[in-house]
Amino acid sequence: MTSQNKRFPITAAAIAGFVDNVVTYPIEHVKTQLQLQANADRPATTSPNRAATQCYTSAFDCVRRTACGPRGLLGLYGGSASFFAFAPPRAVVRFGTFEYLRDSSFS
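Residue numbers (my numbering): 732 to 838.
The hints are simulated quantities; they were obtained by calculation from the structure and are not laboratory data.
Backbone N, C-alpha and C define an ideal beta-carbon position, used for all residues, glycine too.
Hints should not be assumed to be uniformly reliable.
Per label pair, the in silico range of CB-to-CB distance [said to hold, decoys possible]:
hint, residue 1, residue 2, range
1, Gly803, Val824, 29 to 37 Å
2, Ser835, Ala798, 45 to 53 Å
3, Asp834, Thr788, 46 to 54 Å
4, Ile746, Tyr831, 15 to 23 Å
5, Val753, Gly827, 20 to 28 Å
6, Ala812, Leu765, 18 to 26 Å
Take the sequences, apply the hints, and build the full model.
Take a look at the structure:
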């Protein structure tokens, strides 16, 4: 391999990590909301220690109710700041490790 081919594109890895989170975070958000709901058969309830819990009937119901809420489609990205902050460095480490191991195993 030439030295130009061994160069690791850090920027490309960071962008890939960010785009990965942009695409997959709404799916993770919906999955988490479905897992957090107490019981899908119960109507929305309020307890002294918790706010009203929404019970979704399906993943599509969760997307519809979240996207039609006050924050719109951005509601699907609620709580994502830390994921977006750490996605690029995580991707750089992941792809950098892959490139290093690939290059060292074929040397």
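To see whether the hints hold, each was checked on the structure:
no.	hint	in the structure
1	Gly803 with Val824: 29 to 37 Å	holds, 34 Å
2	Ser835 with Ala798: 45 to 53 Å	holds, 46 Å
3	Asp834 with Thr788: 46 to 54 Å	holds, 50 Å
4	Ile746 with Tyr831: 15 to 23 Å	holds, 20 Å
5	Val753 with Gly827: 20 to 28 Å	holds, 21 Å
6	Ala812 with Leu765: 18 to 26 Å	holds, 22 Å
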